[in-house]
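Using the sequences and the accompanying hints, generate a full structural model.
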Amino acid sequence: FGGEHSISIGTIRAFNEVYQNLTVLHIDAHADLRKSYEGTACNHACAVYEASQNTNLIQVGIRSMDVKEKSVMDLDKTYFAH
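Numbering follows my numbering, with no gaps: position 78 of the sequence shown is 78.
Derived by calculation from the structure, the hints in this document are not laboratory data. It is possible that some hints are incorrect.
[Stated by the list, open to error] Below 25 Å or equal to it, Euclidean Cα-Cα: the simulated PhoX-like pairs (lysine-lysine) are:
no. : residue 1 : residue 2
1   : Lys35     : Lys70
2   : Lys77     : Lys35
3   : Lys68     : Lys35
Encoded structure:
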């Protein structure tokens with residue numbers, strides 16, 4: 001993900017069609033795991049949620065997230081370090 005996160009979704013979808021078991025590495029301060037934000041799913045705050053639906057996801061550097069974002073995480077596969 002770089003710049004405006006929502007532009008990466010098309011690239012991730014295309015790679016996911018070609019490569020099996022794709023893993024996305026997301027380095028950011030925010031989780032961006034919202035299903036929708038400000039009335040739309042086409043938003044920078046929703047990009048990682050969209051990417052996580054069909055890929056493996058590794059997030060590094062997350063310092064804040066909304067309660068709803070935490071609810072979509074697979075906590076059995078989550079390691080919090082600080």
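Would you mind confirming whether the straight-line C-alpha gap from Lys35 to Lys70 stays at or under 25 Å? 11 Å, holds
Lys77 and Lys35: Cα distance at most 25 Å? Distance ~20 Å between Lys77 and Lys35 Cα, so the pair holds.
Pair hint outcome, Lys68 versus Lys35 [Cα-Cα no greater than 25 Å]: 9 Å, holds
Every hint, counting from the list given before, is met by this structure.
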